Amino acid sequence: RLEETGIFLVMAFELLVGSGKIRGGGQLRRRMEKKLKILKKGFNDAGGAEQPSAFAQLPRYVRINSLRWSEVGVEAQPLQHLSKALKDAYQKDLAAGRQVAAETAEVSKDELVPELLVLHP
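Position one of the sequence shown corresponds to residue 1 (the numbering used here), numbered consecutively onward.
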(Lines of atoms letter the chains of each structure in order from A; the text may use other names.)
(Lines give C-alpha, C1' and ligand atoms only; values in the text may rest on other atoms or scores of the structure.)
Protein backbone atom coordinates (compact mmCIF):
# COMPACT_ATOMS: atom_id res chain seq x y z
CA ARG A 1 0.00 0.00 0.00
CA LEU A 2 1.16 3.47 -0.83
CA GLU A 3 0.51 4.90 2.64
CA GLU A 4 2.93 2.35 4.14
CA THR A 5 5.89 3.32 1.95
CA GLY A 6 7.45 5.80 4.38
CA ILE A 7 7.19 3.57 7.43
CA PHE A 8 8.43 0.64 5.34
CA LEU A 9 11.60 2.56 4.43
CA VAL A 10 12.24 3.48 8.07
CA MET A 11 11.69 -0.10 9.22
CA ALA A 12 13.89 -1.47 6.43
CA PHE A 13 16.67 0.87 7.48
CA GLU A 14 16.39 -0.32 11.10
CA LEU A 15 16.45 -3.97 10.05
CA LEU A 16 19.27 -3.74 7.51
CA VAL A 17 21.52 -0.95 8.76
CA GLY A 18 20.37 -0.01 12.25
CA SER A 19 19.84 -2.14 15.33
CA GLY A 20 18.27 -5.07 13.46
CA LYS A 21 15.13 -4.88 15.60
CA ILE A 22 11.86 -3.07 15.14
CA ARG A 23 9.62 -2.00 17.99
CA GLY A 24 6.00 -1.74 17.00
CA GLY A 25 4.94 -1.85 13.37
CA GLY A 26 2.25 -4.49 13.65
CA GLN A 27 1.31 -6.30 10.47
CA LEU A 28 3.90 -4.52 8.30
CA ARG A 29 6.69 -5.50 10.71
CA ARG A 30 5.59 -9.14 10.69
CA ARG A 31 5.53 -9.20 6.87
CA MET A 32 8.99 -7.64 6.73
CA GLU A 33 10.40 -10.12 9.25
CA LYS A 34 9.01 -13.01 7.17
CA LYS A 35 10.80 -11.64 4.09
CA LEU A 36 13.98 -10.61 5.92
CA LYS A 37 16.25 -12.96 3.98
CA ILE A 38 14.98 -11.57 0.67
CA LEU A 39 15.39 -7.99 1.92
CA LYS A 40 18.96 -8.67 3.07
CA LYS A 41 19.87 -10.35 -0.21
CA GLY A 42 18.53 -7.41 -2.22
CA PHE A 43 20.32 -4.96 0.06
CA ASN A 44 23.63 -6.82 -0.26
CA ASP A 45 23.26 -7.21 -4.04
CA ALA A 46 22.74 -3.45 -4.32
CA GLY A 47 26.06 -2.85 -2.51
CA GLY A 48 24.49 -1.98 0.82
CA ALA A 49 26.70 -4.33 2.82
CA GLU A 50 29.94 -2.60 1.82
CA GLN A 51 32.18 -2.04 4.82
CA PRO A 52 32.52 1.63 5.76
CA SER A 53 35.87 3.35 5.91
CA ALA A 54 37.92 2.78 9.05
CA PHE A 55 37.67 6.53 9.62
CA ALA A 56 33.85 6.64 9.52
CA GLN A 57 33.38 6.24 13.27
CA LEU A 58 36.37 8.10 14.65
CA PRO A 59 35.72 10.95 17.06
CA ARG A 60 36.92 14.46 16.29
CA TYR A 61 38.88 14.72 19.56
CA VAL A 62 40.67 12.19 21.78
CA ARG A 63 41.47 13.00 25.40
CA ILE A 64 44.65 11.41 26.73
CA ASN A 65 44.84 10.43 30.39
CA SER A 66 48.42 11.44 31.10
CA LEU A 67 48.45 9.50 34.38
CA ARG A 68 48.25 6.27 32.37
CA TRP A 69 51.43 7.02 30.40
CA SER A 70 54.94 7.17 31.82
CA GLU A 71 56.30 10.58 32.72
CA VAL A 72 59.00 10.29 30.07
CA GLY A 73 57.57 11.39 26.72
CA VAL A 74 53.97 11.76 27.93
CA GLU A 75 53.06 13.89 24.95
CA ALA A 76 54.93 11.92 22.30
CA GLN A 77 53.79 8.37 23.09
CA PRO A 78 50.02 8.69 22.55
CA LEU A 79 50.51 10.97 19.58
CA GLN A 80 52.93 8.58 17.88
CA HIS A 81 50.81 5.53 18.70
CA LEU A 82 47.60 7.06 17.33
CA SER A 83 49.39 8.48 14.32
CA LYS A 84 50.73 5.03 13.39
CA ALA A 85 47.28 3.43 13.83
CA LEU A 86 45.66 6.08 11.61
CA LYS A 87 48.30 5.66 8.90
CA ASP A 88 47.79 1.88 8.95
CA ALA A 89 44.02 2.34 8.63
CA TYR A 90 44.57 4.81 5.79
CA GLN A 91 46.71 2.28 3.92
CA LYS A 92 44.04 -0.43 4.41
CA ASP A 93 41.36 1.87 3.02
CA LEU A 94 43.50 2.66 -0.01
CA ALA A 95 44.18 -1.04 -0.55
CA ALA A 96 40.42 -1.72 -0.38
CA GLY A 97 39.87 0.81 -3.16
CA ARG A 98 38.24 3.48 -1.01
CA GLN A 99 39.00 7.11 -1.73
CA VAL A 100 40.20 8.65 1.52
CA ALA A 101 41.81 12.06 1.89
CA ALA A 102 45.38 11.88 3.19
CA GLU A 103 44.67 14.40 5.96
CA THR A 104 42.23 11.98 7.60
CA ALA A 105 45.25 10.00 8.77
CA GLU A 106 46.76 13.01 10.54
CA VAL A 107 46.61 13.70 14.25
CA SER A 108 47.81 16.78 16.11
CA LYS A 109 47.83 18.25 19.61
CA ASP A 110 45.17 20.77 20.50
CA GLU A 111 46.63 24.26 20.96
CA LEU A 112 44.65 25.04 24.12
CA VAL A 113 44.25 21.70 25.90
CA PRO A 114 47.53 19.73 26.13
CA GLU A 115 45.88 16.34 26.79
CA LEU A 116 43.59 16.65 23.74
CA LEU A 117 44.51 15.18 20.37
CA VAL A 118 42.69 16.44 17.30
CA LEU A 119 41.68 14.09 14.48
CA HIS A 120 40.66 15.36 11.09
CA PRO A 121 37.16 14.53 9.79
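Quick caveat, the hints were computed from the structure, so don't treat them as lab data. None of the values given here were measured: they were computed from a predicted structure. Ideal placement from N, C-alpha and C gives every residue a C-beta, glycine not left out. Incorrect hints may have been included.
Stated by the list, open to error - Straight-line alpha carbon distances no greater than 20 Å define the calculated PhoX-like cross-link-like pairs of lysine-lysine that follow:
#1 Lys34 with Lys21
#2 Lys109 with Lys92
#3 Lys41 with Lys21
#4 Lys84 with Lys109
#5 Lys35 with Lys21
#6 Lys109 with Lys87
#7 Lys21 with Lys40
As the list claims (entries may be wrong) - Computed spacing ranges between beta-carbons, pair by pair:
#8 Glu103 with Leu28: 16 to 24 Å
#9 Tyr61 with Ala101: 46 to 54 Å
#10 Glu106 with Ile38: 38 to 46 Å
#11 Phe43 with Gly6: 15 to 23 Å
Going down the list of hints, with the structure as the test:
no. : hint                          : verdict
1   : Lys34 with Lys21              : holds (13 Å)
2   : Lys109 with Lys92             : violated (24 Å)
3   : Lys41 with Lys21              : holds (17 Å)
4   : Lys84 with Lys109             : holds (15 Å)
5   : Lys35 with Lys21              : holds (14 Å)
6   : Lys109 with Lys87             : holds (17 Å)
7   : Lys21 with Lys40              : holds (14 Å)
8   : Glu103 with Leu28: 16 to 24 Å : violated (44 Å)
9   : Tyr61 with Ala101: 46 to 54 Å : violated (19 Å)
10  : Glu106 with Ile38: 38 to 46 Å : holds (43 Å)
11  : Phe43 with Gly6: 15 to 23 Å   : holds (18 Å)
This entry does not satisfy hints 2, 8 and 9, going by the numbered hints stated previously.
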